[in-house]
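Build the full structure now, drawing on both the sequences and the hints.
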Amino acid sequence: MKHLPTSLLLSTLTITLSAQAHNLVPAPKQTQSVLIKNATVHTVIQGVLTNTDVLIENGKISALGPQLSTNTTESTQVVDASGKHLYPGLIALDTSLGLVEIEMVRPTVDNAEVGDVNPQISAASAYNPDSELLPTIRYNGITHAQIVPSGNGLAGQSVVVDLDAWTIEDALQPSEGQFHFYWPQIKRMPEDEKEKAKAIEKNQQAIDKLIIAFEDGYRYFLSQNAQDTDNSPNLRWQAMLPLYQGKATLFAHVDSVNQIEQVIALTKKYQFKLVIVGGYDAWRLASSLREVNASVIYPHTLSLPKRKDEPVDLPFKIPSLLANAGIPYALGFSSDWNSRNLPYAAGYSAAYGVTPEQALKSVTLDAAKLLGISDLGAIAVGYQGSVVLSDGDILDPMSSKIESIWIEGRQIDLNNRHQQLYQKYLKR
Amino acid sequence: MLINNKIIISCGIISSLVSHPIFAEANPIVPVNKLTAFTNAELIIAPGKRLSNATLLVENNRIKAIIEEDGIPAAALKVDLSGYTIYPGFIDPFTDYAIEFEYPKLGLKRPVYDIKRIGGNAENGAIHAEKEWFNYVYPNKERAKDWINNGFTSVQSSKLDGIFRGTGVSLSLADKNANEVIYRARSQPFMAFDKGTSEQDYPESLMGSIALIRQTFADANWYNQNKSKPVNSSTSPQMEFNIAFERLDNLAEKQIVFETKNLNDLLRAANLLKEHKQPANLLASGQEYARLNELKALNYPLILPLNYPQAPDVGTDDADREVSLAELRHWERAPTNPAAVANAGIPFAFTQFGIKTDAFWPRLRQAIAQGLSEDKALAALTTQAAEMAGTADFTGKLAPGYMADFVITKGNIFKDGQIYSVWLQGQEQRLRSLSQAKMLGDYQLTLNNLTLDLSLKETGKAGKTTFEGNLSSGEKTIPLTHLTLEDDGRVSFNADLSEAGIQGISRFILWLAKDGIQGRMVDAQSRSNNVAGVAVAPTATQPSTPKADKTQALVSQLTYPNVAYGLTDAPNVEKLHIKNATLWTSDKQGILENADLLMANGRIEKIGQQLTTPSGYQVLDATGKHVTAGIVDEHSHIAINGGTNEGTDAVTAEVRIGDVINPEDVSIYRALAGGVTSAQLLHGSANPIGGQSQLIKMKWGESAEQLKFANAPASIKFALGENVKQSNWGEKFVQRFPQTRMGVKALFEETFDAALAYENALKDYDDLRSSEKKKTLAPRPSYRLQAVAEVLKQQRDVHIHSYVQSEILMFLRLAEAYRFKVQTFTHVLEGYKVASELAAHGAGASTFADWWAYKFEVYDAIPQNACLMQKQGVLTSINSDDYEMQRRLNQEAAKSMMYCGMSKEDAWNMVTINPAKQLRVDEYVGSLTPGKMADIVLWNAEPLSIYAKVTHTWVEGKRYFDREEDQLAQQQVVTERAALIQKILSSDDNAKTGEKVTPLNEPQWHCDTHYQAWGQHHQGAK
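First to last, the protein sequences are chains A and B. Quick note, the first sequence lines up with residues 650 to 1077 if you use this note's numbering. Quick note, the second sequence lines up with residues 181 to 1202 if you use this note's numbering.
Just so you know, the hints here were simulated from the structure itself, not pulled from any lab data. Values in this document were obtained by computation on a predicted structure and should not be read as measured data. A virtual CB, placed ideally from N, CA and C, is assigned to each residue, including glycine. Heads up, none of these hints are tricks.
Derived lysine-lysine pairs resembling BS3-like cross-links, with alpha carbons at most 25 Å apart:
no., chain 1, residue 1, chain 2, residue 2
1, B, Lys805, A, Lys966
2, A, Lys845, B, Lys536
3, A, Lys955, B, Lys1129
4, B, Lys339, A, Lys843
5, A, Lys1076, B, Lys1051
6, A, Lys957, B, Lys1163
7, B, Lys339, B, Lys321
8, A, Lys957, B, Lys888
9, A, Lys957, B, Lys1172
10, A, Lys843, B, Lys289
Computed, partial: chain B to chain A, Cβ under 7 Å:
no., residue
11, Ser504
12, Leu505
13, Ala853
14, Tyr1012
15, Ala1033
16, Glu1064
17, Ala1074
18, Ser1125
19, Ile1126
20, Asn1181
Per the computed footprint, the stretches of chain A lying under chain B, defined by three or more beta-carbons under 8 Å from a beta-carbon of chain B, are:
no., segment
21, 828-842
22, 957-966
23, 983-994
Printed below as a string of structure tokens:
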């Protein structure tokens, strides 16, 4: 039986003794080179390389291979990673991190606006880089997150951040525009027939309203193209221009076949770049999705089957069904505090049909790709030096023991609110 | 021979001048003796008893005799009914016919904790036991037709609103005044679980309704035993007057009519009434075929509705994906239900309740086509129904002295017969004219030199018949206009015979004659022409027979439970030798590699290395696999119907989760697939003292009662913090005490003291001599205080929902002050802050692996909580409190290895033996210790790993989950769905129509789910 390390106490204690997350100091810009030696490197794009060194300079991976020691200078931080695993930092998609601190305390909730047509609003305006949640997310190997407004209809724009920053401007990862569209849903179908009919009608009205909004946006786009001055500037439609110009992506939050098909029809009409978020039924629609080059963020791995008759393990198997259907996908974990469990969703997908390599890729490189970020999510020369060093498999809580994390070559503080309370009460 | 309708009608006219007391409770009034002999009919005098060519002799409103030979009194008016059949009038035991009453709408704003006390009513707004519905009977001629048109002559009625609905009345559907129609003024008490229009919040859940029923039975019993005691006013308090309780006296001599809405509720009602040895007739829901054995054992007569569901929408695959196999199956099986109930030997009557009345006979005929015998069907409409309505000694049969309530049909009513008239108390309600019927058919007419074929047909339905006809001459068919058929045998119509060479509109008047028809035609010039005609075909109509479904074999399976993944056969207790496995024993032996396990008789027999296989044992080679005890979940809300919270009053210790187990919940099967074999189903946390919990075993397919963990100690859910002080309930909920953690403590103290006082009062009364008891008011029973008192006597374990350290410590000290041990703190996310105090008290702690930040009281929750508590010696477990996470408790346990370096053994114990100890069932389950129940899980990898999958789960030695069989079941579900969908798509409209069924759309329950079980059905308070 494998012997397991007993505790992380030593490594965390040496880093900081500060008391709260906002006292955790973001690591400064990388000045010192980092050489990680003899690791088992999960490159994601070139397979798993054993006994391999990785050199990070100026925030980027500059070299990768066995015995890189010849390149080191005196100021290089050398990390012995013998017997340990090196992964690219994980990317958490579809989270409300930094927007929601405590879900049931309303003043701390900033993720959902009223109204159904709000393409002009952006998560960047509300993101709190000092949220107590963020250090607990990093702790499990997640270095980047997509911060997503939720709500009804066109709910606003998301941003991508790294999870160790002073301000949103520090945290922001450059990416193309990301518009989030929530297909109107009936939250809970009433049992009463009259109420049911009312709910269906109301929902259809909401859908119609949004279809018209997309058309209005398109009219605005046409009039801008035609330099038609009759149309006075409009914040909403102005914000949406990149979408019609093919410079932004529509993230459509839909699950069922008919909703996905309707979104595909909309996409075809306006030539949108499309990502399906949810996509519970997407595996059934491979060819339609391929037609519009759509990819899928699947956040339901650790969910119940949506329908009573479905196989007990269907949500676990959907990543493999997507993979087998050739649909590009990444895993998400739509939550705030709970998105730290993303690695275990990936582990589950590996238990139910995808290869461990694919499972890792679905929370790293594939996630970066569908965000349009080209230097994240893999360990290869030219990629960001955002890596996670673990004694054990980071997708399996039975063995995962994350020891160090670098974001763009900056070694970050692994302390957090939980560690601090833990340390405090160990003393009681 | 023609029947003279005018005479028949006249014998039904009764005026109200003189009255004879005939029954104790009804006084039909008959002034002039009228004697009528119905001759030559087929008499069905009772189910299975048929007389041909006998005479039914009716005197006024009663049957005087059945005359088989000669002997028709000369004074009797004879009515020849050759070719007709007479059945006893049908009786519907479940209606609200003729009850003219509405409860006043108070329009109170929620929350409503109390209602107005008026006139000695009960303190709960859903108790109307004082109502006697005969007081409100006002016959309604139009509504009566809903029944009469189908051959019903009497009904049992009550206002169908509330839990205790009052006492029903049995009455005739005759068009007479109320005094004459009442057959039995006080028939039976009516009840239901649904609180109806009551504006009071309590009960908001199904278990709350059941608790209220139990309490009310006890209250009524107490009231009626004590009400007439000559109480010494200086020592006993004055007893309140309570008319509701008073009317519930002697319930054991009555048969409660209990309405249920689904199969689970039917079984619940039966179990509840059985518990009180209460006779009853239960309104069923049409799903009884799915649990016949259980119903048969409970042995209650049923009132069956014929509510076959509308075919589910499977018009597109998008639509069919949202339909469950259970719904598809029920669409196919519903018409088989009456036959299934009959074959099981369960007595039953039919009701029209819940369906459109013109669907009644087509549905009943479908049931016959599915194998229901005609005799059983007739009994269900007559003798059984009469028993239930309390009128069996004078209705339901054709027998001397019985009411002249009967039905005349042409043909067999259970096949294609038609009802011609219905006689109510000797008064005819004609649906079809017998004379008109005689006129229908085909005739060959001679008109001058012309030969015309006349065809007369009936259309429409009983009670609303219309006629149509045509004349044809050679190939040409001419429709008739202004067609009228008179009772006296006259037919008149107009026709345009231009094509036959007679210009203009011709007008006909014809009379039925001995062998045909004859009369005149007046042409366009007003000239009269003679017409003579001969009948050319039988004059009776040939109604189209409904398509018999019996030729179609059923394609659906019947499983236990009758939903997807249900079992066709109960699994056997296995004798099994599991070889070469890694055994995670969860006891002092730790983890054993290359070890064997023997199980038999539902128990673990032996574990060890290289055991020999006893004869008769199957061998399972588990090389590379892992065997553990079944996972035990201390905190779950799966498999519950009708709400997990009775979140109305601050103390609801009387409600019982055990009353509302839902054995059909697929979550049970899903739990098995995650290796869970036992779970404690807890009341939610909407109030400080919630309800009684129920530990269940995941014995998928068994009944609700069988799922209960035998011999588990009694337990109850208490709760602290934000939920109980209504912090997140919205602005309206700020009046219930307590609203602070300080108040929570005070509430507990107050309730504990009340429970102690209650106990003392009971004891004091019990100690009295029997002569003193006769003069002393007994303490009013309280299931609420009784449950709390059991806690104080250490007879009921407390599992208390808690988060922050202040409240944990508060309750520890409070329990110590009241001298009971807190069994388990559940959630207990700040348990790490007071771990040593928890350990010192001996309380267990059942927590989440890593939940936090979803509300303020969990902002200090940490994933190292389990480690810290365990380190201080607290018995610690990980629970799910979640439908989904329950399937992954193995990995939730593993998180303590990741976050704080817990050992494998300790981590695994947190989901097996530790929760078993917290639930005090560790002598039965929780470890692989020989002698314990064979609740065992086989895993394909180390069970704590993310990559581990359950391959088999046994509960008490029975294999309830097997991954290979699950794969087959998945395919079976797909195949069966496809077959049923095709069957629906290829069915005619007749098979597709039915009642719109909205499946019970209950949410997943959580601690803080606020659900109004009855909110969907009433228009009361908002």
